[in-house]
Amino acid sequence: MAFPEDVFRACRRIPKGKVATYSQIARMIGRPRSCRAVGNALNKNRSPFVPCHRVIRSDLSIGGFAHGTKKKAEMLKKEGVSIEKGRVLRACVIR
DNA sequence: CTAATGACCATTA
DNA sequence: ATAATGGCCATTA
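Counted the way this note's numbering counts, the first sequence spans residues 1 to 95.
Watch out, some of these pointers could steer you wrong.
[Claimed, not checked] Derived EDC-like pairs (lysine to aspartate or glutamate); straight-line CA-CA distance at most 16 Å:
id, residue 1, residue 2
1, K18, E74
2, K71, E5
3, K16, E79
4, K16, E74
The set of hints was computed from the structure by calculation and includes no laboratory data.
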C-alpha cells in the first residue's frame with residue numbers, strides 16, 4: 001500500500017538493457033495517472049538494487065535523474081541500451 | 001487543513 | 001520540429 005515501494009518493485013522488473021517509461025510504471029502499479037508522482041518517488045530512491053535509471057519519458061527522451069541526466073545516459077549505454085540523439089531506441093523499451 | 005513542488009503526459013498551436 | 005498549456009497526483013511544507 002506504500003506508493004514508493006510499489007514503484008520500486010515495478011522498477012526492479014525492468015531487465016538490464018531495457019527501459020520503461022514513467023507512464024508504464026504507473027500502469028504497472030495500477031495507478032495509470034500517477035506518472036508524475038512516479039518520478040517523485042524515484043527521485044528519492046537511494047537503493048542500488050532499484051535500477052531507477054531505466055525509467056525514461058514517454059517521448060523516449062532520457063528524463064531526470066538525481067545525479068544528473070548525464071550519468072543516467074552513460075549508465076544505460078553501459079548496460080547496452082542504444083541511445084540516438086538524446087532518445088532511446090524503441091527496440092529497447094519494454095512492451 | 002491548504003499550497004507548492006516535481007526525474008510526467010497529451011494536446012494544441 | 002519546438003513551445004506552451006492544462007491536467008495529473010503523491011509528497012512535503
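Here's how the hints hold up against the structure:
A C-alpha spacing of about 14 Å is found between K18 and E74, which places the hinted pair at or below 16 Å, so the restraint holds. About 24 Å separates the Cα atoms of K71 and E5, which puts this hinted pair outside 16 Å; it is violated. For the proposed pair K16 and E79, the alpha carbon gap of about 6 Å is at most 16 Å, so the pair holds. In summary, the hint linking K16 to E74 is supported, as the alpha carbons are separated by about 13 Å, within the 16 Å threshold.
The structure fails hint 2 only (numbered hints given earlier).
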